[in-house]
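Peer 1: Spelled out from the first residue to the last, the chains are:
Protein chains: 2
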Amino acid sequence: MVHRFIEACYRRPVDRTPIWLMRQAGRYLPEYRAIRAKVSFLELCKTPDLAAEVTLQPVDILGVDAAILFSDILVVCEAMGMQLILEDQGPQFPAPLQLLADIEKLHVPDPEAELGYVMEAIRRVRRGLADRVPLIGFCGAPWTLAAYMVEGKTSRSFEKAKALLMGDEKLAHALLSKITDSLILYLNAQLAAGAQAVQIFDSWAGALGPEDYARFGAPYLARLIAGLKREGQPVIVFGVETGELLVQLAKIGADVVGIDWRVPLDAARRRVGASVALQGNLDPATLFLPLPELQKRVARVLALADRAGPGHIFNLGHGVLPGTPVENVKALVELVHAHPPSR
Amino acid sequence: MVHRFIEACYRRPVDRTPIWLMRQAGRYLPEYRAIRAKVSFLELCKTPDLAAEVTLQPVDILGVDAAILFSDILVVCEAMGMQLILEDQGPQFPAPLQLLADIEKLHVPDPEAELGYVMEAIRRVRRGLADRVPLIGFCGAPWTLAAYMVEGKTSRSFEKAKALLMGDEKLAHALLSKITDSLILYLNAQLAAGAQAVQIFDSWAGALGPEDYARFGAPYLARLIAGLKREGQPVIVFGVETGELLVQLAKIGADVVGIDWRVPLDAARRRVGASVALQGNLDPATLFLPLPELQKRVARVLALADRAGPGHIFNLGHGVLPGTPVENVKALVELVHAHPPSR
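In order, the protein sequences belong to chains W and S. Position 155 of the first sequence, counted from 1, bears residue number 155 in my numbering, the numbering being contiguous throughout. Position 216 of the second sequence, counted from 1, bears residue number 216 in my numbering, the numbering being contiguous throughout.
Below 20 Å or equal to it, Euclidean Cα-Cα: the simulated EDC-like pairs (lysine to aspartate or glutamate) are:
#1 Lys160(S) with Glu327(W)
#2 Lys178(W) with Asp72(W)
#3 Lys160(W) with Glu327(S)
#4 Lys296(W) with Glu211(S)
#5 Lys296(W) with Asp212(S)
#6 Lys296(W) with Glu169(S)
#7 Lys178(S) with Asp102(S)
#8 Lys160(W) with Glu293(S)
#9 Lys296(S) with Asp168(W)
#10 Lys296(S) with Glu169(W)
#11 Lys160(S) with Glu293(W)
#12 Lys170(W) with Glu293(S)
Just so you know, these hints were derived from the structure itself, not from any lab.
Based on the sequences and whatever the hints tell you, model everything.
Peer 2: See below:
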């Protein structure tokens, strides 16, 4: 079956603009909260039945054009050997990396053996979807995972990660390479299990200036994407605060570049060129606005996307925020589906 | 006396590149921590003797080319009628703005009467400096202060502030206008008391896309700057994540635009044109690097500044981070002073 999401990723004609939303399975949905009341976040990631159930919720409730696997970018770090705590106040590694010896102790996990719950969730989601819409698998980008593993938690300024990686090129390469090798196996296992596209989240890309991103970010993304065994499964790359990095992100081999809400899509197109599709980029906070104002802003994103030419997947410029009114999210999906697609 | 900092703000020739650092008076300095051990942050702001003392510390210790008044951007909001708590985990307004009626209750403060401790600190710093280097006064930008006053504290996504302001243009204008009126009086009082330059911090500028910044950010900055009574005192505007906003920031009447570390200075110059000086933009995290690596990065910023042409004030791309090694900050000042200036 031809899916408009996949077609748009390859900049082929579509009947209407496809839409899915980062964190579409999440706390703003009462159905999700009902499940989370029973299990912790990490248990949810590790229980294929439940992970599959929350993955399917937004497809049924919102009518989006793609499902994205419910999981967390950091589970692969746990499989590499890091103790991981995932709680509502944010993820934590109680023993962050400090030395080359810490990195040498990490191993490249066998995904089916050590992250089997992810692949099992993918297989269950595919059965549950019965080809209604495609399923997107995902992982974090090497730089973002490395930054988390060195900081031990989220950070505003990432000085520990930068001091360690920028101060020792050999150590940086050892860590980023080991993560990249792990992610190649991990995403290939997701693709083999049934993921019909993959998104790589470089959440902390914007912590690096362009010269540092060219050393610590983009090359490892390129190596990761080059290592994937794909048959018509597109790759999306997304980061936050990437305005200055879009030229690099367009050249790493991804089919689609996700744009945060800071860069208008026509400006983004001028930076990425004609070889990739664009995904984005409504400000997630605008989902809290009254419907007429939301309507105007959705129309504006669609108009700029039209100007940017074929190959647009509608999304937010970041994840759905907790507390977002569900009726506004439903209205958003309807508004996008009512719009004639980019040609 | 001619000061190289002032000369560079006006893009006039200088004997060497001037340098000062955002948060140069702060927790990384043991001399600052010794004073903070005795008084709270807000008490320090409100005690002119102590505020003047910490303002002078980095001039004596580091040899920077300008002092910046020790204070907080939110004290003006307190004078407008908001209860303010300033603690180490971040500032808080326990009763954030929710309705037009809340905004109507705020008043435009008389700075000498209600913020007299700020002007008194300025007068004491000027006496302590004895014209060694100029003193920079400062305030927050209207959008940033409005965002704080609606959120009640710092935020990652500012959905409350955006929902309130973007959802009701009239309310937004009422709030941003009242803040702007307050800031005009406040900065004029700082200038009259002896501030030899002023910096406007639009810390949350980057939360807005360019179209929203053109509505809620830039126009109020322009009105604020137009309202200042100046005689050779330059205005600097600085925000974080402003890559997409630099074109607007160059046109609001400021003499200097501060650049965060994400945008190389030569790229920044292409966006702002020839009419303003540039301030910045070393990544503050690089002050944690070993000296040879720090040296390379300082040289790179200076080389890009040379390429950007006359009018460069060296600074970080954001404030000095707590825990930054003081010896590295001293080394930074020496490295910049050893460099022949931009022509």
